Amino acid sequence: MLGLAPALIVLAAITIAPAGYLFLTSLTPLNLTMPGTAWDFSGPHYNYLDLWEDERFLRSAWFQAHLSVATVALQLLGGLGAALLLNRDTPIRRFGRSALLVPMVLPPIAVGILWRVMYTVDISPFHRFMAWIGLPVPPLTTDPDFALWAIVLVDSWEWFPFTMLLVLAALQMIPESPIEAARIDGANGWQMFRYVLFPYIAPTLVVCALFRLIDSIKAFPLIYVLTSGGPGDATTVTNYYAFVQAFNFSLWGYASAIATLMVATIFVISWIIDRLGGNSDGRHD
Amino acid sequence: MAGTTEALAIPRAVPAAPPRARLSVLRRHRRAIGDAATLVLVLVVLFPFLWLLQMSIRPNDDIFGYDLAFTPTLEHYGVLWRGTFAGSFVNSVVISLSSTALALLFGTPAAYALSRGGFRRRRGIALWILATRMAPPIAFTIPFFLAYRWIGLQDTQIGLIIVYLTFNLALVIWMMQGFFEGVPRALEEAAWIDGCGVWQTFLRVSLPLSAPGLAATAVLCFILSWNDFFFALVLTRTNASTAPVAIVNFIQYTGWEWGRIAAAATLVMLPVVVFSMLVRNYLVKGLTAGGTKE
Amino acid sequence: MDGKAATRRGVLQAGAAAATAPAWLLAGKAPAYAQAAKPFAGTTLNISCWASPYARFIGEYLPEFTEATGIRVTYDTPGFPIYNQRADLELSTKGSAYDVLNITFIFTSRWIGAGWFTPLDEFLNDRNRTPADWDFADFLEGSVRPMKDRQGRIYGAPWVADVLCGGSGRFDVLRQQGLGMPDTFAELERAMAAIHMKDDIPAFIVENHYGWVFIPFLQGFGGNVFRNPPDDLFPTLDSAEAVEAAEFLAKLLRQYGPPQAIGYNVDQTTLAFRTGRVNYQVNNHAFLVPASEPGSRVRGTANFSLIPAGPKGRFPGIASHAWGIPVGSRRKPAAWEFIKWSLSKELMNRMVNEKGYAAVTRASILNAPGFRERTMVNGFDMTQLYIDTLALAAQGHMRYRTVHVYPQANAQITQALERIISGQMGARESLRQAQQNTIQDLRRAGIRF
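Top to bottom, those sequences are chains A, B and C. Following my numbering, the numbering of the first sequence begins with 1021 at its first residue and continues without gaps. Following my numbering, the numbering of the second sequence begins with 963 at its first residue and continues without gaps. Following my numbering, the numbering of the third sequence begins with 16 at its first residue and continues without gaps.
The set of hints was computed from the structure by calculation and includes no laboratory data. Take these hints with a grain of salt, some might be off.
[Claimed, not checked] Far from chain A, by Cβ distances over 10 Å, these chain C residues were calculated:
1. A56
2. L104
3. R144
4. T251
5. I277
6. E308
7. K355
8. E433
9. Q439
10. S445
11. N452
[Said to hold, decoys possible] Covered stretches of chain A (chain C as the covering partner; in silico rule of three or more C-beta atoms under 8 Å from a C-beta of chain C):
12. 1156-1164
13. 1220-1234
14. 1245-1259
Computed from a predicted model, the values in this text were never measured in an experiment. Where a beta carbon is used, it is the ideal one built from N, C-alpha and C, also for glycine.
Looking at chain A on its own, in the form it has when it is part of the complex:
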């Protein structure tokens, strides 16, 4: 149809063309400080072979897995808990439903700044409070054991409202009758949750988890502002590593190979979402 064509052409030009360019670049050793590396396809697989021998890349993938699993788990728990708490119509909880959306809509860079204040020992109200009650907390973002957890905490803080919102929507869709039936049977709170509510919201939780899993692979502003990938490389996740390789060291070919691999991973997850989204058919919408 006539209306469709312009948009599709534009969309193709700004998504498919760059993707193709990215892939082609990943087959070259492109380095802007070395002329002649731009379209050098003499060893198209070198970058990809290099990846498997690059300890830093493998470490970054490990940190990435750690970050993703931890933050998705925390968000689901937090979001689910908040949703269950707010699933009732009182003025205060209506207010809560709106107010708790704030972390999610803030610009990620602002989130980084809020938490930079919280994590800088000598100015943080949190650190000063803990020291005042006699339980000083060590600096988190410069400690290799805690730095990644510090990022996990902030990312979960930022995104638990997403799960909360979707779960709340799912809870609204649950029909009255099974709840009534369970109550008449004398179900306690846990049983009610486990056997009545949970089956209804489980598909939503899966979709939430996958969406957030994908977004966690792109984590950048928080790491950029809070730790710059450090200390050492304790928070250098794959995305950040690719950024450093390209934008700090001008190893564009290599970074493109990393990015291509990330895209491939993400496509697999997207495909799963698409299948699941089709099955659960709008319940979480």
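Put chains B and C on the given structure of chain A with help from the hints.
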């Protein structure tokens, strides 16, 4: 999760006349406990946000103080406005608005065509849209950065506007398609009988009927563009740098001027907080674009 | 093609400016009669430098430049690592976003070698653009040398020769313990142990740019970054000497440093010095001198020395930074006006007199009568310290730093030391990892071993 069991024990609609009076007393208590827990949760969660807001109006000599009884000052905002931040803020506004407008211009007709077209094609396009929503920004920044060096779009507003279309256009197509689905066909058919062509029907009937959806979509596009940091960091330097990038510049200045940083962050946060409250109900749809069926 | 046309236009404008330029350069402010002829009036220059004291002072004097020339300046001074990353990226695009950029010491070879800066000879040798008494020969030879290419063309006008020194903000605490300024690594360790947490202040800090401050320790123990720079660039980061040096520095920071020691960038170490929050540090001369400024809490208690010597000698970090004009700039003649102004004898003299600036790059100012007196800090002769440290450059120990792949090694060294100091890894393991990574990075950058 103090309120979990409480919330579970009570369905949404509290019966008007509870059968057992004692339970009803307990319920009323539970309601109060749940409300209190909600307030505590909101305070705890929003604490970092509120803390920064108050820092932005606290005088410099007491910038890290706890005392709430201070004399608020706008000096940090004044300093910001006289510096280069104002220019970046304007860049942010111009770029976000332009990208939103372009996305609507291209995306709305496409969404309409799609909603009136065949199902098979729609599924393929949905998958494509999902893919653009999911793709890591680094995969776009590398080719865009390399291409912009050649065509001279580095550090220009146009360059950033185009990049933001990568996610905005997909979002518009997805959201508007859903809204057009909701327009009753009967009304369109009535327009055809009156002699309107397809696109006239679109302009006179379907589009006005979808106006609230259009507004929500526009706001979402604006928020997404406004919040971007990564593309702006990589593709701008001085002329087109946006407000989020300008804030990061402050962080790296000597002396850590927290008052200024707080004020700048507040200016960047407030518009999105206000706007997102306006489109609260559409947030889910926008954030999961392509992933859930309409 | 556009660029060429713009340059040609610029040449004409510059020619027109020539008659008035010397007058305001000498006077510092535009004399009234010069107001009429401001050939670059209305131009806006984008200038960036990393946040150093000199860069800050220039920011304070900028309104005078604008008043004198009508050139507006958008001026940006991010922290050192951010500056380098941005400048490197921007230069690699040969874009026109910046008109004047600092040529960072560790990038001299990379940036100049890749042809990303404009040769300044045509400006320097053109008497219409540069009066004879601006006198480029006056700049310290050591600071100009890294800014030349193989053919001897000059790409940068140096504004600082940075040297690492030792400084104690609270020398009174050392003296109470019967100690002087530490002169060797052994004395340093003993002194830090003696003064740690005396008067509630931690003893020791260095900035977390370990690729800069760790090297004097590395070389002091007999190690180096590469086997034999600049000819043999095989990294030697996992040598026994390197492990010893890393363990030494890590011990100082872990046992005698403040909490969050690896979170201290140069801004924070400098602030810690001025406020007396950490007693002793190894830092750049230029960052130690502000201890004499009003507002400093250590004006009456500071003392300084050459950087301590290790068993194998004394190897202070010595680096120069210079203003250069990126090849992509569309306003080169105006950019040159800025460089000329910012490094004029007149302005440098005023910085010395008005701001107590001491890390000057002009011999005539360094040797001028009265200079030493003005740059004293708490009675200490900072100029002599500067000259003595610069003299050590003759050992040639800084050659490792001007090879074009040093930035990669620098990143690896900094990360390796972070891992060691934070306790994430032992020195041997961390340095072995740095060694492997550096070899990999150098290979990727096209070095063959």
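Right, here's what the structure says about each hint:
Every Cβ of chain A is farther than 10 Å from the Cβ of A56(C); the closest lies at roughly 36 Å, confirming the non-interface assignment. With a minimum CB-CB distance of about 6 Å to chain A, L104(C) fails to clear the 10 Å threshold, and the non-interface call is violated. No beta-carbon of chain A comes within 10 Å of the beta-carbon of R144(C); the shortest separation is about 30 Å. For T251(C), the requirement that its beta carbon stay farther than 10 Å from each beta carbon of chain A is met, with the minimum near 19 Å.
Against the 10 Å criterion, I277(C) falls within the reach of chain A, whose nearest CB is about 5 Å from its own CB. In this structure E308(C) is separated from chain A by more than 10 Å, as the shortest Cβ-Cβ distance comes to about 22 Å. Its beta-carbon lying about 30 Å from the closest one in chain A, K355(C) satisfies the requirement of being farther than 10 Å from that chain. Distance check for E433(C) against chain A: the nearest CB is about 5 Å away, which does not clear 10 Å, and the non-interface claim fails.
Q439(C), annotated as away from the interface, has a beta carbon of chain A within 10 Å; the closest lies near 4 Å. Consistency note on S445(C): stated as away from chain A, yet its beta-carbon is not over 10 Å from all of that chain's, at 8 Å minimum. With a minimum CB-CB distance of about 6 Å to chain A, N452(C) fails to clear the 10 Å threshold, and the non-interface call is violated. Residues of the stretch 1156-1164 of chain A with a Cβ under 8 Å from some Cβ of chain C number 6, which satisfies the need for three, so the listed coverage holds.
Coverage of the stretch 1220-1234 of chain A by chain C is violated [criterion: at least 3 residues with CB-CB distance below 8 Å; count 0]. Counting residues of the stretch 1245-1259 of chain A whose CB lies closer than 8 Å to any CB of chain C gives 6, which reaches the minimum of 3, so the coverage claim holds.
This entry does not satisfy hints 2, 5, 8, 9, 10, 11, 13, going by the numbered hints stated previously.
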